[in-house]
Amino acid sequence: MAIDTKKCVGCSDCVVACQTENDVPIGHCRDWVVEVMDGTYPQLEIELRSERCNHCKNSPCVRCCPTGASHYSDGGIVLVTKNECIGCSACITSCPYDARYVHPDGYVDKCTFCLHRVKKGMQPACVAVCPTKCMYFGDLDDPGSEVSEVLKKRKYKTLIPEAGTKPQLYFLI
Amino acid sequence: MKSRRQFLKISSLSAAGLVFGGGLLETFADNLLKNNQSYFKGPYDFARTPTYCEVCFWKCAGWVHKDENGRIKKIIGNDDDPNCNGRFCPRGTGGVGMYFDRDRLKTPLIRTDVRGKQSFREATWDEAFDYIASKMNKIKEEHGPECTALFTHGSGGKYFGNLLKGFGSNNIAAPSYAQCRGPREVAFLATFGQGINSPENTDIRDTKCLVLIGSHLGENMHNGQVQEMSDAIDKGTTIITVDPRFSTVAGKSKHWLPIKPSTDIALLLSWMNVIINEELFDKKYVEKYTFGFDLLKAYVQPFTPEWAYGITTIKPQQIRDTAHEMANAAPAVIVHPGRHVTWYGDDTQRLRAVAILNALLGSWGRRGGFYNPEKASVPHFHLPDFPKPNKNWRDAMGGKYKLADLALASGVCQATIPSPEMSCSIKGWIVNGTNLINTLPDQKKTIAAIQALDLLVVVDTMPMEITGYADVVLPECTYLERYDSLRISQGRVPSIALRMPAVDPLYNTKPAFWMARELAKKLDLLQYFPFETIEEEIDWELKQVGSSLEEMQRIGVKLLDREADDLYFGEDEDVEFNTNTGKIELYSTALEEEGFDPFPVFTQHPEPDSGFYRLIYGRAPMHTFSRTANNPNLTDLMDENSVWVNPKVAKVWDLKNDQYVYLENQDGVISDFKIKVRITERIRWDSVYMVHGFGHADKRMTRAFGKGVSDTQMITNVMIDPIMGGTGMRGNFVTFRFDNKKAEV
Ligand code: SF4
Ligand code: SF4
Ligand code: SF4
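Quick note, the sequences are listed as chains B and W, same order.
With my numbering applied, the first sequence corresponds to residues 1 to 173, in that order.
With my numbering applied, the second sequence corresponds to residues 1 to 745, in that order.
Hints in this document: simulated from the structure, not taken from any laboratory.
Check each hint, because a few of them may be wrong.
Not the full set, but computed from the structure, chain B residues with beta-carbon under 7 angstroms of chain W [as the list claims (entries may be wrong)]:
#: 1; residue: VAL9
#: 2; residue: ALA17
#: 3; residue: THR20
#: 4; residue: ILE26
#: 5; residue: PRO42
#: 6; residue: VAL129
#: 7; residue: PRO131
#: 8; residue: SER148
#: 9; residue: ILE173
In silico DSSO-like pairs for lysine-lysine, Cα to Cα no more than 27 angstroms straight-line [what the hints assert, rightly or not]:
#: 10; chain 1: B; residue 1: LYS153; chain 2: W; residue 2: LYS254
#: 11; chain 1: B; residue 1: LYS6; chain 2: W; residue 2: LYS699
#: 12; chain 1: W; residue 1: LYS117; chain 2: W; residue 2: LYS699
#: 13; chain 1: B; residue 1: LYS155; chain 2: W; residue 2: LYS254
#: 14; chain 1: B; residue 1: LYS152; chain 2: W; residue 2: LYS254
#: 15; chain 1: W; residue 1: LYS254; chain 2: B; residue 2: LYS157
#: 16; chain 1: B; residue 1: LYS133; chain 2: W; residue 2: LYS558
#: 17; chain 1: W; residue 1: LYS66; chain 2: B; residue 2: LYS133
#: 18; chain 1: W; residue 1: LYS235; chain 2: B; residue 2: LYS152
#: 19; chain 1: B; residue 1: LYS120; chain 2: W; residue 2: LYS66
#: 20; chain 1: B; residue 1: LYS6; chain 2: W; residue 2: LYS254
Source: prediction; values computed, not measured.
All C-beta atoms in this analysis are idealised placements derived from N, C-alpha and C, irrespective of residue type, glycine included.
Please model the complete structure; the sequences and the hints are all you need to start from.
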């Protein structure tokens, strides 16, 4: 997934759409918005970006899960099988991005890239709702996909690359 | 669990990281699907019903989806709707919270004590209507039917409007006019013979240069405009933002002009000076379409960028550079008129300057500038003639504000306060869907007007402050539980949208159509309600345009044909403008006739005393004024406002981030509640900023009560626009207080 920080206005629509789509309880979220500000008045810069699980290729959360509930699924999407999750929170501690939370029902929950929608040929809820159309979702292994195309054209960064988790969210800058 | 907040302090690359999303934990069992569903069994094929959003005036059309238990689950934009293109804004997506909000009004209430005290008894609908009808008849007998008024914001207004007109009054006002966009309409009418309306006819999609003056698109989520701005960013459009605050869009702008507040007219005049003197204006357009160019040229001579520098603090070079950017992009340039424009009382003149600048650049009627909106509409059933009122609120105004093209909510309020000058003191109000306590500036005056009433009826879904003053409260069901009149949008392609109930109303709540019609029965006005149900009326209207209720229930949105298919003026086309001269009036003969300046004049406005800061307010993308302040989904994103303070100011006051303070304004009004300090470089040192719509004083709104400060409470100095009666609200100054004890007098 690629997210264009030049277009994101930080409105949090992606957060609400995810909450209603995925029944995320109020008070929790699978995605969130970060504002980073730099400079002094009037020489200022601001970056807004929508964050979520990075679906890392080298996921500490999957490695440390004692029950195998956290696993890689289709296309490298990192998922939690809730019936197998014992809520020990080892994954939460291991994730450098704070992408997971404990659901009030006792299991750990996080972004699934809306796999249930993607399997139907739909976009994830956050991508589909974003009023600025600043998110691109698709197959990074397919060089012809929209997301691969946009990464060819634009400068981008990943978050905390030094953690070595090989994150798969790309922020266009 | 680590909170996102902690997480951010670690990870953000520089100075201050801030997170939205994930607030306080609140059990909201109704909304959860407790029965375990695996990630792979998705909720995609639920029954869906069409609606259009009621969270703001943009009225995006969408679909309400329900889960397998028939509970409302989510609202998604309708792909065929030109207002939203399938994408709702956060408030619209969170609209489900309006339905689930447990603090909703649940049953009709009748007052049992004095106004302002929360003592009501529950009543049946019949009792409530009898009470209202007998009071209205009494007002009619003693003072005349003209002494009633309707304030309305929202979809049910049409039916209460017909009721009131049938009763014999045309005092029908919306605070969205004199408190918001009125000056813009009057200024553009005076210049181009046509207002801006909603959705705005700004062709942002194809613009090459977008100039925003105090307008913070992206924080105000006027959906279509935000979407088009994003498309324009993709295409490399130049954005110029004029704002004392580093707004979100300032962060996306090539030029940010951090202007000294209240000096915008000086900047606009100096832009005209550069564009005229450097001959950057559209000569053919100006010659063919405009009136008064030579006079304007002579008039703007003194207003050089050097002159403006001293006033606005914007460097002359920056003024020239931005003028060149506009001229290079012309005619695909928009000097955006904004929406909430009632700032300093000379707002019509400021918007006139905006209009003139657009005319010089030739952007009106051109691609990438302002398109010609479509006029198509849907016929309404012909009602019997309404009785002609002998007088209305305007008579109480002594001939002022003649150029106002709509009723002034503040004017009606004024005409309610008994005074020797006024012949018709209004005695009864129906307030539909607008929390006047927080939408009209100068709360004391609003309350004084209310105390002078014989009858106050409030129709709302939530126990807003205004309901605390009502004699009768009528609980409306939310937009997800009712039909309403069709949405007719003009825009580039005219469209209609249907709202129908997704579920039955919760509690003892009812739709506006039903309430107005039941009242009409009691008042013998049934002839103005020829249809027994709203479905029949909508079906009749739809059949006039070749559709039907049945079809619209399936498709939700239908595009109509444009009546005229020219979005822009043709090459050398002759155009007759609806002004006195038939031309675009650079020199306004209409203003001159009424004794006002035919060209905009810059006047110096008062500045804050030492220790005080100008109060600037604005919007957050996840809230619409008070309307969303208690919405469980949206308060989860933002549940209080904060006061933005420049670090230099914070140092002087020894303020810390996240510390709570009270505010006190120039008139000694101290805020009821405390507000959180946000120290940020994003605001000038002579101003503070807060988001409007917080600081609710009604305990029945459990999530909103006491959260943050109400800017309206701090706005006691209202600068009235002499041209159209707009209420300028930016002439208020606040200081910080660490307690809320009133000073001894
Ligand atoms: S919905 Fe889009 S614009 Fe809004 S915060 Fe999310 S990513 Fe940014
Ligand atoms: S972001 Fe965190 S939860 Fe997601 S895959 Fe990476 S380590 Fe795991
Ligand atoms: S802009 Fe947002 S709040 Fe307004 S009508 Fe559209 S979805 Fe609703």
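Status of the hints after comparison with the structure:
no. : hint                   : result
1   : VAL9                   : holds (3 angstroms)
2   : ALA17                  : holds (5 angstroms)
3   : THR20                  : holds (4 angstroms)
4   : ILE26                  : holds (5 angstroms)
5   : PRO42                  : holds (4 angstroms)
6   : VAL129                 : holds (6 angstroms)
7   : PRO131                 : holds (5 angstroms)
8   : SER148                 : violated (18 angstroms)
9   : ILE173                 : violated (11 angstroms)
10  : B/LYS153 with W/LYS254 : holds (21 angstroms)
11  : B/LYS6 with W/LYS699   : violated (41 angstroms)
12  : W/LYS117 with W/LYS699 : holds (12 angstroms)
13  : B/LYS155 with W/LYS254 : holds (18 angstroms)
14  : B/LYS152 with W/LYS254 : holds (24 angstroms)
15  : W/LYS254 with B/LYS157 : holds (22 angstroms)
16  : B/LYS133 with W/LYS558 : holds (24 angstroms)
17  : W/LYS66 with B/LYS133  : holds (25 angstroms)
18  : W/LYS235 with B/LYS152 : holds (17 angstroms)
19  : B/LYS120 with W/LYS66  : holds (18 angstroms)
20  : B/LYS6 with W/LYS254   : holds (12 angstroms)
Violated hints for the displayed structure, listed by number in ascending order: 8, 9, 11.
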